[in-house]
Amino acid sequence: SAVISQKPSRDICQRGTSLTIQCQVDSQVTMMFWYRQQPGQSLTLIATANQGSEATYESGFVIDKFPISRPNLTFSTLTVSNMSPEDSSIYLCSVWANYGYTFGSGTRLTVV
Amino acid sequence: GQQLNQSPQSMFIQEGEDVSMNCTSSSIFNTWLWYKQDPGEGPVLLIALYKAGELTSNGRLTAQFGITRKDSFLNISASIPSDVGIYFCAGQLKGGSEKLVFGKGTKLTVNP
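The listed protein sequences correspond, in order, to chains A and B.
Under our numbering, the final residue of the first sequence carries the number 112; numbering is consecutive throughout.
Under our numbering, the final residue of the second sequence carries the number 112; numbering is consecutive throughout.
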C-alpha cells in the first residue's frame, strides 16, 4: 500500500491565523482525500482532491475556509483558514491506491 | 447523507475475552471495511469485505458482510492489551475508489 507522510503532526495556532497541512505520497495517485476528525468523533470527509481539477467539497465545507492544492500526483495541501477554536481537530489525508485506501497519521490541530 | 450506525460506542473487557461490534445502515453498501485507529495515528485497514455473506478472517479478527448488504460485524477473539483502540466501520455505496462513509467508532479498552 502507499505510504503517506503528513506534516505537521501537530500544531497549536492562534485564532484568526491559517495553517497549511502537507500530504506527501510515495507513489503517484489519482485520488486524494482530506478528512476532519473532531475530538472523540468519527472521520468526516472534507473534500476530494484530484490532480488537474478543482477539489470537490462535501456539504458543510467551503473552499474559502479549506482551500486545497493538488499540484502533482504525489502531493496535496489543505489550508485551514481564519481558524477558530471550533477548528480544533485531527486532519487526515487519505489516498486511493492499489485498490484500497491508506491514511496518513494526521495533523492534530489545537486553536487557542 | 448515508449514515452507519455502529455499536457499541465503547467496551471494557478483560484480556482473553472475545469482542463483537457491528454496523448497520438503512442503505445498501457494496463494500464494508473495518479500521483500527491507535492514539495519534490514522486509521489502519483491518479487513475489507466485498460480497454479501462474505466471511473473512485476519488473525484473531473475523468480519462478515451481511446478506442484506446493510450490515457488518467484527469479532475479535482472545483479546490482548494491544487490541486497545478505536474501531471504525466504513462503507462504500458503489465500491472502487468511491468515498468512504464512516461509523462513529467503538472504543475498546482491554484490562490486563
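Keep in mind that a hint or two might mislead.
[Unchecked claim] Computed footprint of chain B on chain A, listed as stretches where at least three residues anywhere in the stretch have a Cβ under 8 angstroms from a Cβ of chain B:
| # | stretch |
| --- | --- |
| 1 | 38-49 |
| 2 | 61-73 |
| 3 | 105-111 |
If you are wondering where the hints come from, they were derived from the structure by calculation, not from laboratory data.
Where is the CB? At the ideal position from N, CA and C, for every residue including glycine.
Status of each hint after checking the structure:
| no. | hint | in the structure |
| --- | --- | --- |
| 1 | 38-49 | holds (count 6) |
| 2 | 61-73 | violated (count 0) |
| 3 | 105-111 | holds (count 3) |
Going down the numbered hints, you'll see the structure goes against just number 2.
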